[in-house]
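Asker: Listed below are the residues making up each chain.
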Amino acid sequence: MRTKRIAGASVVLTGSLLLTACGGGDGGSGDAAAEEGGGTFSVYIGEPENPLIPGNTNETEGGQIVDALWTGLVEYDRETNEAAYTGVAESIESEDQKTWTVNLKDGWTFHDGTPVTAQSYVDTWNYVANSENAQGNSYFFANVEGYEDLQAEEGKKPAATEMSGLRVVDDQTFEVTLTDPYAQWPTTVGYTAFFPMPQAFFDDPEGFGAQPIGNGPFKADEAFQDGVGITLARFDEFGGEEPAKAEGVEFRVYTEINTAYNDLQAGSLDVMDELPPDAIASAEDQFGERLKTQPQGDITSLGFPTYDERFADPEVRQAFSMAIDREAITESIFQGTRTPAASFVSPVVDGYREDACEACELNVEEANRILDEAGFDRSEPVDLWFNAGAGHEEWMQAIGNQLRENLDVEYQLRGDLQFAEYLPLQDEKGMTGPFRSGWVMDYPVMENFLGPLYSTSALPPAGSNSTFYSNEEFDAQVRAGNSAASIDEAVQEYQKAEDMLIADMPATPLFYRVTQYAHSENVSDVSVNAFQRVEVEDVVVGSE
Amino acid sequence: MGRYVLRRLLLTIPVLLGASLLIFAMVYALPGDPIRALGGDRPLSAAVQAQLRAEYNLDDPLLIQYVKYLAGLVQGDFGTDFSGRPVLTTILDRLPVTIRLALVAVGFEILIGILAGVLAGLRRGSFFDNLVLVSTTVVVSIPVFVLGFLAQYVFGVRLGWFPIAGLTDGWYSYILPGLVLAALSLAYVARLTRTSLAENLQSDYVRTARAKGLSETTVVGKHALRNSLIPVVTFIGADLGALLGGAIVTESVFNIPGLGRAVYDAVLRQEGAVVVGIVTLFVFFYIFFNLVVDVLYAALDPRIRYE
Chain A
161 MRTKRIAGAS
171 VVLTGSLLLT
181 ACGGGDGGSG
191 DAAAEEGGGT
201 FSVYIGEPEN
211 PLIPGNTNET
221 EGGQIVDALW
231 TGLVEYDRET
241 NEAAYTGVAE
251 SIESEDQKTW
261 TVNLKDGWTF
271 HDGTPVTAQS
281 YVDTWNYVAN
291 SENAQGNSYF
301 FANVEGYEDL
311 QAEEGKKPAA
321 TEMSGLRVVD
331 DQTFEVTLTD
341 PYAQWPTTVG
351 YTAFFPMPQA
361 FFDDPEGFGA
371 QPIGNGPFKA
381 DEAFQDGVGI
391 TLARFDEFGG
401 EEPAKAEGVE
411 FRVYTEINTA
421 YNDLQAGSLD
431 VMDELPPDAI
441 ASAEDQFGER
451 LKTQPQGDIT
461 SLGFPTYDER
471 FADPEVRQAF
481 SMAIDREAIT
491 ESIFQGTRTP
501 AASFVSPVVD
511 GYREDACEAC
521 ELNVEEANRI
531 LDEAGFDRSE
541 PVDLWFNAGA
551 GHEEWMQAIG
561 NQLRENLDVE
571 YQLRGDLQFA
581 EYLPLQDEKG
591 MTGPFRSGWV
601 MDYPVMENFL
611 GPLYSTSALP
621 PAGSNSTFYS
631 NEEFDAQVRA
641 GNSAASIDEA
651 VQEYQKAEDM
661 LIADMPATPL
671 FYRVTQYAHS
681 ENVSDVSVNA
691 FQRVEVEDVV
701 VGSE
Chain B
61 MGRYVLRRLL
71 LTIPVLLGAS
81 LLIFAMVYAL
91 PGDPIRALGG
101 DRPLSAAVQA
111 QLRAEYNLDD
121 PLLIQYVKYL
131 AGLVQGDFGT
141 DFSGRPVLTT
151 ILDRLPVTIR
161 LALVAVGFEI
171 LIGILAGVLA
181 GLRRGSFFDN
191 LVLVSTTVVV
201 SIPVFVLGFL
211 AQYVFGVRLG
221 WFPIAGLTDG
231 WYSYILPGLV
241 LAALSLAYVA
251 RLTRTSLAEN
261 LQSDYVRTAR
271 AKGLSETTVV
281 GKHALRNSLI
291 PVVTFIGADL
301 GALLGGAIVT
311 ESVFNIPGLG
321 RAVYDAVLRQ
331 EGAVVVGIVT
341 LFVFFYIFFN
351 LVVDVLYAAL
361 DPRIRYE
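Note that the protein sequences, when read in sequence, are chains A and B.
My numbering puts the first residue of the first sequence at 161, with every later residue one more than the last.
My numbering puts the first residue of the second sequence at 61, with every later residue one more than the last.
Chain A on its own, in the form it takes in the complex (with noise of 0.2 Å):
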């Protein structure tokens, strides 16, 4: 999943408020309006990067816009993230978490009136997965029977077209078949990648990715306009149990994120899920209480690179984890807008312990006794990576002053690559020294933030592993979370392998990001989710 450019927020977090932060007070005046449901309110969005498929939308920006035109097969809690069936799926159940079987619920159908059947949801994802579409998302049916016969090598055809793990039952049922058992798996189908298309996508793929046909709560009557954006309509046959409160919403495209705020200011636009971080300090007088929060599912590491002869001793990284002052920078640096990590995952998601690293928090003699015992060579100067242009280089300073000063280790920033040269050189071990490292969650389970990052599969180039962390024991815990009978059980099994890198230190946690977000007084009840996306069905219009 792609990060969008990250701009600022100043009201400061504590740890127990992570998830109720919204300030109150303009619930109960909605009321009114919200049984009227009219108006149309706008949103900022910036310039999406594809065409508005489910499958091809790995990012924020053009994720707004498919997440306000479908309901996924589960939908995720407001509070806790857990899946809830409040979307398409009636249930999906399984006796050994490795074969599911989805069950449909009546009544849901498309915006051009084709109704949604399981057939859609397999056709969707047998499209999504082939190589040969190039579709963004293609990677999330990667743990699907039969998803390599769909891989085509360079200038060839794939084996198959269809993958041998999903199996039509019934118009309202489906079986899904995965290479390995995972019990969170129903938990993963409320992404983006997971939403099903009608037949009119197959008749005209370039015709709807400008106009999409989803199965959510607004529709699309018009296309897409490059460069200015989409309003939609509400879904009046919408087949859920809560129908979208106004008329209309219109996401406008953006460049420049300071003239969207200078809109907000004025009045002419209702909401912005970021906000610029030059308007940190004013925001608050400003908005008052439309200002609001929220916790986002996502982590920033500094990673090491394991196979840096300074950095392959597990006790050197913890001493580099111990050094680092967090709260410092996310005061100082930040605002407000990060809160300090200690721990491997979101705070978002199940499983969560807030102090589950001890090497997270600062320890400056216990980090010079493990350095010393571990022999480190502190007269060379360490390299500190970040990709250029994108924010990093005041933070990365500033872990590189902390480290001169509890460590007595000079630094020098490695700041000059765009991430399009990051990225491969990641890829390809040439990391001296250690390097930012980001990650924002696809869907609120431990595991994502677990395996996609740290298992021996997940290895470059196939995977986002840039530490080159491998160790079988871990991945074995993994895998015992995936086959456990329960979300609870997996949960515990998940912990243990957190433990693991807590004591292998691959990589060391260090903020968490916070949403600040703002509306004008034209809408209420506004809220943005840990994907930080809008609700926007919730919106009332014309209130308070």
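Hints were generated in silico from the structure; no laboratory data involved.
With a straight-line Cα cutoff of 25 Å, these simulated PhoX-like cross-link-like pairs (lysine-lysine) come out:
#1 K282/B to K272/B
#2 K258/A to K656/A
#3 K317/A to K128/B
#4 K128/B to K316/A
Model the placement of chain B on the given structure of chain A, informed by the hints.
Answerer: What follows is chain B alone, placed relative to chain A:
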């Protein structure tokens, strides 16, 4: 005259080819792997990456890529961006917007720039002359994006006279961004007009005209101004080409969906086909407007003739 124009037009072909190859090479020379960057922290699957690279000829050497691009161009295919959208569609969608913005800007240059220049030139050393001098110096020294955000905040947010962003109010939406886009050239136009007019007012033919007893209006309007405007027209003509290409910052600040914004986004994503298509178009406009200026020259100044 006709042959001269034809010759000039034919000359544009090698120039455009050279320019597009140059731009192509520059985009090609940008380090990094755009397809890898598409996926961000989580790489796209290997097979999908390979598919995309093949689709956009990214594995080919520079010249092969360029030849393939030209071959498509001859068939009217401008290529596609990474989202599969044809570049030609983007150009056709956005060109009218950019042209409108440039026209509004040129309108301001002519209206305000020449007027201020004439008034200052007629009363050299006066308060108004000094005002023009100082204000143009200020405008020239402020970066466009600062000017843009300032104008937006003062006239849009605070005073509410103009829409802040986008094109929701038709032509009215173009006024503020047009002014900002014109600001720099407007200052030059004013100064150029002032100096040129002041100089011509001292010349012999103006003294002769005055001696014949012609009214001051006729002297200035018919005799002095006509000659004074020759360098100004040259500047404005060439500037129209530059304005089309120079709208990148203004279009971003005022959120106007024109070509400038498209090219900005494309450079960031290293989308060669998009950058080359649009920038080559800018080069073409630049050449074209220069040609128009040269032809206009002959009309303004009978001493100049093209054979």
